[in-house]
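> Sequence:
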Amino acid sequence: MRLSPFFEELSSAYDAELDDLLTDSAGHDVLAQRLRLKRSQLPDLLPMIECNPEMLAVAFHGGMDFLSPEVMRDLAAQDPEDLPSWDVLGEESIRLQPWAAELAKIVLSDPNGEQFLVVTACLEYLRTSSKGSSEPGVGRRDDYGGYDDERSDADVEPDNDVDLEEAGADWLAEQGFDRKDRTSGDN
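Numbering-wise (numbering that gives the first Met the number 0), the sequence shown opens with residue 0 and increments by one.
Everything labelled a hint here was simulated from the structure, so no lab data went into it.
None of these values were measured; they are calculated from a predicted model.
Honestly, I wouldn't trust all of these hints.
Unchecked claim - Just the calculated beta-carbon pair ranges, DEER-fashion: (1) Asp64 to Asp19: 22 to 28 Å; (2) Leu44 to Pro4: 21 to 27 Å; (3) Ala12 to Ser67: 22 to 28 Å; (4) Met47 to Leu171: 46 to 52 Å; (5) Val29 to Phe176: 35 to 41 Å; (6) Asp169 to Asp78: 40 to 46 Å.
By construction, the Cβ of each residue, glycine as well, lies at the ideal position given by its N, Cα and C atoms.
With the hints as constraints, model all of the structure from the sequences given.
Here it is as structure tokens:
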């Protein structure tokens, strides 16, 4: 997928913002709690809508279903001045979860709210499509950063433990270490 320089830079910032919200200093998963807080603070954060949109966009994380991946991919290749209006994009390509629709009403009260929602939708699509399926409604991430459908992590990604173990053993052998035999029980 080709990204415009605008979305390439902003998607990195968006991913970093979500990653920062994911865990606390002890390594505990606190994403759901931090997203709830961010959503409750959204009206107070509106002044940042132009200078740091990624900091507000995370409030919508997990709140959008993408009905037209083709439209979203095309959107990601555009510069900000070429983006469609929210009304056009939203009706054709995006379904908001009820709580996200309430947040959208708050954002749309800002003069830059329409463009912000289009940018946010693209950022969320890029994040979601890089983590799961590109089928509409499948692989959408929930409020907790996990998938909301019935798939387990094993369904999303093949079991790579064996490949990693073999790759590690190959690397160690290249460094001059003896290869350990996994079948003999020697660890």
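> Could you run down the list of hints and mark each one as holding or not?
Okay, the hints, checked on the actual structure:
no.: 1; hint: Asp64 to Asp19: 22 to 28 Å; verdict: 25 Å, holds
no.: 2; hint: Leu44 to Pro4: 21 to 27 Å; verdict: 25 Å, holds
no.: 3; hint: Ala12 to Ser67: 22 to 28 Å; verdict: 25 Å, holds
no.: 4; hint: Met47 to Leu171: 46 to 52 Å; verdict: 48 Å, holds
no.: 5; hint: Val29 to Phe176: 35 to 41 Å; verdict: 39 Å, holds
no.: 6; hint: Asp169 to Asp78: 40 to 46 Å; verdict: 45 Å, holds
Checked against the numbered hints above, the structure violates none of them.
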